[in-house]
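**Q** Sequence:
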Amino acid sequence: MRTPIPRVEDYGISPTRGFLPADDPLERLSHPIYASWEALAKDLPSLIRRRKIRHAVEQLDVVSTEHLHSSQELRRACSLLGFIMNAYIWSGDQPATAVPPPISVPFTAVCKKLELPPVATYACLVLWNFKMASPQADAGMVENLSTLTTFTGLKDESWFYMISIAIEAHGAPMIPILLGALEAVLDGDVARVVAALHASAQCLDELSSLLGRMHEHCDPHVFYNRLRRFFAGSADVQRGSGQPNGVLLADGTRGAQRASHRGASNAQSSLFHFFDIVLGVDHCDHAPGAAADEPRENFLRSMRAYMPGAHRRFLAHVAAVANLRAFVRARAGDERLVGAFNGCVDALLALRRKHIQVVARYIVLAGSPGRCGPQLRDKKTAATTRSALAESPGRRGTGGTMLIPFLKQTAQETREAAVDVHLPSASK
Numbered sequence: 278m279r280t281p282i283p284r285v286e287d288y289g290i291s292p293t294r295g296f297l298p299a300d301d302p303l304e305r306l307s308h309p310i311y312a313s314w315e316a317l318a319k320d321l322p323s324l325i326r327r328r329k330i331r332h333a334v335e336q337l338d339v340v341s342t343e344h345l346h347s348s349q350e351l352r353r354a355c356s357l358l359g360f361i362m363n364a365y366i367w368s369g370d371q372p373a374t375a376v377p378p379p380i381s382v383p384f385t386a387v388c389k390k391l392e393l394p395p396v397a398t399y400a401c402l403v404l405w406n407f408k409m410a411s412p413q414a415d416a417g418m419v420e421n422l423s424t425l426t427t428f429t430g431l432k433d434e435s436w437f438y439m440i441s442i443a444i445e446a447h448g449a450p451m452i453p454i455l456l457g458a459l460e461a462v463l464d465g466d467v468a469r470v471v472a473a474l475h476a477s478a479q480c481l482d483e484l485s486s487l488l489g490r491m492h493e494h495c496d497p498h499v500f501y502n503r504l505r506r507f508f509a510g511s512a513d514v515q516r517g518s519g520q521p522n523g524v525l526l527a528d529g530t531r532g533a534q535r536a537s538h539r540g541a542s543n544a545q546s547s548l549f550h551f552f553d554i555v556l557g558v559d560h561c562d563h564a565p566g567a568a569a570d571e572p573r574e575n576f577l578r579s580m581r582a583y584m585p586g587a588h589r590r591f592l593a594h595v596a597a598v599a600n601l602r603a604f605v606r607a608r609a610g611d612e613r614l615v616g617a618f619n620g621c622v623d624a625l626l627a628l629r630r631k632h633i634q635v636v637a638r639y640i641v642l643a644g645s646p647g648r649c650g651p652q653l654r655d656k657k658t659a660a661t662t663r664s665a666l667a668e669s670p671g672r673r674g675t676g677g678t679m680l681i682p683f684l685k686q687t688a689q690e691t692r693e694a695a696v697d698v699h700l701p702s703a704s705k
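First residue of the sequence shown? That's 278 in the numbering used here, and the numbers climb one at a time after it.
The reader is advised that the hints may include incorrect statements.
[As the list claims (entries may be wrong)] Calculated lysine-lysine pairs in the DSSO-like style (CA-CA distance at most 27 Å, straight line): (1) K319 to K390; (2) K408 to K319; (3) K408 to K389; (4) K329 to K432.
Think of the hints as simulated: they come from the structure by calculation, not from any bench.
Please take these sequences and the hints and turn them into a complete structure.
**A** See the structure below:
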């Protein structure tokens with residue numbers, strides 16, 4: 278008996294919005310007990326700027342999460358508390374090594390219900406942090422979006438999130454289409470697989486174009502110098518005196534548990550894990566540039582622990598069904614099928630190369646001494662970008678990897694998923 282194709286609705290996934298919530302995120306928690314969280318989050322940019330955020334957090338009362346009943350309420354609470362906790366940790370001259378009970382206690386409880394680690398994830402900062410211009414607006418158009426919470430209050434930060442939100446929404450229709458392609462694989466329906474691959478390649482091209490709009494309202498210097506530090510994880514907090522990295526999360530009973538988790542990263546986007554699984558892109562079992570004493574692991578697979586539990590289970594279900602690459606390889610003499618598959622792989626590869634360019638501009642170049650502002654704002658500085666990639670391979674991402682080697686390796690693994698055409702030899 279074959280494993281059934283997963284149904285998106287069984288995993289809280291929208292056929293039109295994908296991994297974004299089907300219902301717009303709550304703009305405010307209605308129960309008055311949570312008013313202090315809402316007020317603090319609204320004032321976050323000012324509190325950070327005036328170096329008052331830690332004092333403000335320490336004055337909060339510890340409140341129960343028992344009045345958070347719906348998934349929408351839990352997601353809103355998780356987003357609020359994730360922003361507040363990372364602001365608390367990363368706002369001073371030195372990172373805080375302990376988080377007080379008013380944040381650590383409710384955040385740990387909410388994350389447990391959502392099957393997330395107690396750290397600000399991509400879901401907290403992106404998936405659950407948007408507002409639509411109107412109920413009928415298309416979330417795949419970035420102009421229709423705004424954000425609910427930011428660290429800086431700047432357009433640059435909102436735009437950074439909005440590009441990712443729009444990419445999630447614009448890529449969402451490919452989820453049911455590619456699930457249909459997996460169904461077609463089980464039925465041996467080549468024509469349906471080809472149609473799905475063509476549609477997916479076009480969508481991936483459009484996602485590359487969306488990513489390419491990052492420069493329109495997000496300045497690399499602002500991103501690197503004012504925003505990026507807030508994406509770091511608790512694993513980046515060095516406690517000194519031979520103690521392991523991490524922060525202590527107070528449990529409200531004079532005890533604490535050490536938390537050491539990776540920071541928010543686009544590698545936590547379930548959408549791109551889905552594309553990789555369906556296309557059979559095989560990522561290796563270690564993060565490039567890892568220290569010699571770090572355990573070898575599949576970094577991208579480890580990022581699934583930072584996804585909402587239902588999304589994680591969905592990806593596991595998809596992986597258990599089939600992938601298109603094996604189907605195509607078994608029919609390598611079908612030029613139309615192989616061409617459609619390789620076209621889709623090429624489109625995913627182009628998107629990953631675009632991502633490398635964005636990372637080079639916003640992290641490598643922006644973090645390099647002597648790089649001037651206009652050089653970063655001009656999106657046509659290809660030679661400068663190539664130079665930066667060659668000069669600065671060792672910068673780490675918020676997820677903990679050596680950024681450029683990791684991204685280049687991921688792109689290479691994507692390219693290797695392509696299938697060679699094997700035409701039958703002519704009879705003599």
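**Q** Does each hint fit the structure? Answer for all of them.
**A** Do the hints match the structure? See the list:
no.: 1; hint: K319 to K390; in the structure: 24 Å, holds
no.: 2; hint: K408 to K319; in the structure: 15 Å, holds
no.: 3; hint: K408 to K389; in the structure: 25 Å, holds
no.: 4; hint: K329 to K432; in the structure: 22 Å, holds
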